[in-house]
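Colleague: Heads up: the sequence lines are chains A and B, in that order.
The numbering of the first sequence is our numbering, which starts it at 300 and goes up by one.
The numbering of the second sequence is our numbering, which starts it at 8 and goes up by one.
Source of the hints: derived by calculation from the structure; they are not laboratory data.
All values reported here derive from a predicted model rather than from experimental measurement.
The C-beta atom is built at its ideal place from N, Cα and C for all residues, glycine as well.
Errors might be hidden in some of the hints.
As the list claims (entries may be wrong) - Incomplete in silico selection of chain A near chain B, CB under 7 Å:
1. Gly355
2. Asp358
3. Thr359
4. Gln384
5. Arg388
6. Ala390
7. Leu602
8. Ser640
As the list claims (entries may be wrong) - Facing chain A, a subset of chain B residues (Cβ under 8 Å, in silico):
9. Val56
10. Leu82
11. Thr105
12. Leu131
13. Ala137
14. Leu138
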Amino acid sequence: MPQTASCPGNLVQYASGLRATGDWTLLHHNRLRKTIGHQRHGHGPDTRELDLEELGELDTSGAVLLVELMGPERILDVATWAPEQPPERHALLVAVARAMPDSTLLPHRTRFAALGALGDIGRNIENLGRQQTQLLGFIGLTLASLASSLLKPRRWRLTALVAHIQQTGLNAIPIVALLTFLVGAVVAFLGATVLRDFGATIFTVNLVTYSFLREFGVLLAAIMLAGRTASAFTAQIGSMKANEEIDALRALGLSTMELLVLPRVLAMMISLPILAFIGMLSGIAGGAMVCLLALDISLIQFLDILQRDIPLRHFLVGLAKAPIFAFLIAVIGCLEGFKASGSAQSVGEHTTSSVVQSIFMVILIDALAAMFFMGMGW
Amino acid sequence: MSRSEAAVIEVRGLINRFGPNVVHEDLDLDIRRGEILGVVGGSGTGKSVLLRSVIGLKHPDGGTIRVFGEDLQRLPPNQRSLLERRFGVMFQRGALFTSLNLQENVALPLIEHAGLARADAEHLARVKLALAGLPPDAALLYPDALSGGMTKRAALARALALDPEVLFLDEPTAGLDPIGAAAFDQLLMTLRDALGFSVFLVTHDLDTLYTTCDRVAVIADKRILVAADLATVEATDDDWIREYFHGPRGRAASLAAQHTEDR
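Using the sequences provided together with the hints, build the complete structure.
Modeller: This is the structure:
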């Protein structure tokens, strides 16, 4: 059926019936369907004779139209009323007539928009609750398998652990360092602008070091890893699940928790404190650069204030949060991966969900921790 | 069988390699209009790579592939897309779009390329799914809910969506039960006879080979060892071919095919 020199199909009326002419192919499908709509009287099949002698090309879409026009019963004995057609064409028409669905109408869901919206809200809230229960359950499962494998050094997956530390920690150093350096510079600029009015630009040093040691270093690193690593964990495990690799592991009697989840969780718990430390250093360096270039505070002066005014506990308070964030990010990333089903769409949805959830959790826990530390006077 | 001998696809001097590993060297093959060409060869001899080269998914490292008289690699993208619409491809593992249900999977090319309205396209898609042997209620299922055999049928329905001139099938009957595979063979021949398309069939299924194929091409030693009708191929003096066609499975399939013809 070359598409060149194609003669459009048509349906014409003549004395005792209808005559199909020209090519009944996909190319002319839209027009032919309209013509058929005009020719048909009611909704039932046409009872008139159909003459196929001048029919040109015929493909499956044309055959479907002919079957719709005449009804499957009459097409099934096409060989008797159109014997001039080649047997291949009879076979095609018969095959299509047999394949025609009995009722072409499929149930259409009708729903009211307002009720639908209410239903969606309910469903989402229910999902949210179920999500949290699942997360708690998965955290328990992770801790239990961690405890059971800690006692058996032979079951430690050191190679996987080191590989994940490289991917989540080492490879993330440049972007985390750059990001915190820039934010450090911005915080110093903002602080200097406000503090200048009070003639207290020197306190910019305290502002930058306080904020980076207690909050920004670890928070920025955690958010970076939530975007970078939680998504990677979900996509890895999700596509393994789609590929039945998870089922294969289970069928081999291997523990997916031990093989897939623990190395990732532990790697994150080792990487994030290191990255948080790098983030603190780099943010303070950004602040120091602004102090040096814009505020005429020399590096020696900066370090001197840092050493004299800032107690060690700010650093410890900041760093203490890192393993908790790391644990939550890794667990959420892995859990969402396990929840993904076989389709590409589902892997995408769960990757989004894992990033959103882990960033949300990081910020929520950070806020709670800030209140706790303030209450404790640390 | 009076089919024209014109080749719709000509492969000349094809070279394919992955790093130091040469898959094809100086491979020649013709696919003629209206024939079913079976491509056989041991595992790893590059049957699927040949298929991917012909449909333009893999850029060959040498040689020419002419499709309907045009070199696919040298055409500008829009003309290439026009040519590619005349292909129907069924991948080994189905490659259905997992975010669409079956009827949307089949309707997609109809809407995009043939310009049909969605309702029309989905109606036509349901007919094609039924033609490929799927029950009517399967049209609304998503690919992850399908069995292996249903995936194959749905993939065939999508490959047939645009009524292609050349149909590429990569192991279409692998994983089908024998009844389903026989029905698939019949369907393929009915459609080929009625629509006159050519089929490039990569298969290990000897029954399919004996029932449907007009010619068989054997890949071995990085090239086509022989491409001819089954009798000629069977008689070729080569160890691999002898083992393949005259081994226990080959003999059984040959007997079965003769038996069917006798009846």
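Colleague: The structure should be examined with respect to each hint, and the outcome stated for every one.
Modeller: Hint by hint, here is what the structure shows:
1. Gly355: Constraint on Gly355/A not satisfied, violated at 13 Å.
2. Asp358: holds (4 Å)
3. Thr359: holds (6 Å)
4. Gln384: violated (11 Å)
5. Arg388: At about 6 Å, which falls below the 7 Å cut-off, the nearest Cβ of chain B leaves the hint on Arg388/A intact, so it holds.
6. Ala390: Given a least distance of 5 Å, the restraint on Ala390/A holds.
7. Leu602: violated (54 Å)
8. Ser640: Cβ of Ser640/A sits 6 Å from chain B, so the hint holds.
9. Val56: Cβ of Val56/B sits 22 Å from chain A, so the hint is violated.
10. Leu82: Hint on Leu82/B: violated, closest Cβ of chain A at ~16 Å, above 8 Å.
11. Thr105: With a closest approach of 3 Å, the Thr105/B hint holds.
12. Leu131: With a closest approach of 6 Å, the Leu131/B hint holds.
13. Ala137: holds (4 Å)
14. Leu138: holds (4 Å)
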